[in-house]
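Colleague: Here is how the chains run, residue by residue.
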Amino acid sequence: DAGVIQSPRHEVTEMGQEVTLRCKPISGHNSLFWYRQTMMRGLELLIYFNNNVPIDDSGMPEDRFSAKMPNASFSTLKIQPSEPRDSAVYFCASSLGQGTIEQYFGPGTRLTVT
Amino acid sequence: AQSVTQLDSQVPVFEEAPVELRCNYSSSVSVYLFWYVQYPNQGLQLLLKYLSGSTLVKGINGFEAEFNKSQTSFHLRKPSVHISDTAEYFCAVTYTGGFKTIFGAGTRLFVKA
Numbered sequence: 001d002a003g004v005i006q007s008p009r010h011e012v013t014e015m016g017q018e019v020t021l022r023c024k025p026i027s028g029h030n031s032l033f034w035y036r037q038t039m040m041r042g043l044e045l046l047i048y049f050n051n052n053v054p055i056d057d058s059g060m061p062e063d064r065f066s067a068k069m070p071n072a073s074f075s076t077l078k079i080q081p082s083e084p085r086d087s088a089v090y091f092c093a094s095s096l097g098q099g100t101i102e103q104y105f106g107p108g109t110r111l112t113v114t
Numbered sequence: 001a002q003s004v005t006q007l008d009s010q011v012p013v014f015e016e017a018p019v020e021l022r023c024n025y026s027s028s029v030s031v032y033l034f035w036y037v038q039y040p041n042q043g044l045q046l047l048l049k050y051l052s053g054s055t056l057v058k059g060i061n062g063f064e065a066e067f068n069k070s071q072t073s074f075h076l077r078k079p080s081v082h083i084s085d086t087a088e089y090f091c092a093v094t095y096t097g098g099f100k101t102i103f104g105a106g107t108r109l110f111v112k113a
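Chains A and B are the protein sequences, given in the same order. Under my numbering, read the first sequence as residues 1 to 114, first letter to last. Under my numbering, read the second sequence as residues 1 to 113, first letter to last.
Read the hints as simulated data drawn from the structure, not as lab findings. Each statement offered as a hint is correct.
Under 7 Å between C-beta atoms, here's a sample of chain A residues computed to sit facing chain B: (1) Gly42; (2) Leu43; (3) Phe91; (4) Glu102; (5) Pro107; (6) Gly108.
Taking lysine to any residue pairs in the SDA-like style, the calculated list, with each CA pair at most 20 Å apart, reads: (7) B:Lys100 x A:Gly97; (8) B:Lys100 x A:Ser31; (9) B:Lys100 x A:Ile26.
Which chain B residues stay away from chain A? Per the calculated CB distances, all over 12 Å, these: (10) Thr72; (11) Pro79; (12) Lys112.
We put the CB at the ideal spot given by N, CA and C, even for glycine.
Turn these sequences into a full structure, and let the hints steer you where they fit.
Modeller: Printed below as a string of structure tokens:
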């Protein structure tokens with residue numbers, strides 16, 4: 001089992017550019033989570049999918065952020081346009097169920113917006 | 001509002017000493033409790049979890065945690081730490097019937113030689 005796969009691992013971009021982060025959950029998992037981690041705000045849940053359907057996107061900070069899950073094995077988090085305050089580590093996690101089951105985290109994407 | 005409080009942001013400790021990382025959550029309704037560990041430049045990985053049953057839960061790497069419903073706490077302990085335990089530890093709670101897992105702010109454990 002390869003675990004949760006995220007790409008790219010590092011992304012450096014200029015303010016105003018579009019950024020797309022990618023995630024492949026563990027095969028068979030039906031829940032997928034996107035988190036953002038910063039020193040100031042800690043670990044924040046951005047959006048949660050269950051069976052490819054967005055269940056809760058209340059953590060998405062602004063309309064500049066969007067997430068999709070076109071199928072069970074792929075999800076994207078897009079920021080357009082990016083801003084320096086979006087600099088953070090973005091984690092994708094997947095799990096077999098809703099809440100009672102542990103989440104498996106990917107290695108994260110470190111985003112730097114200059 | 002539901003919340004998780006990790007009482008210590010940093011815990012320095014000498015190698016082979018015991019350690020306790022404290023975690024409290026905001027409600028006494030039924031909960032599922034987790035501790036995750038994050039090593040530098042890595043994602044979080046599960047240390048242990050409490051779903052039901054015995055209040056003392058054993059996890060990987062010699063860690064254990066005790067669920068105390070009356071105190072709404074789930075403190076993490078290890079009797080003798082190693083240098084390799086240096087990492088950030090996150091307490092997390094899911095309330096029964098909910099789907100969202102709420103994470104604490106994290107406790108950075110620093111083990112000194």
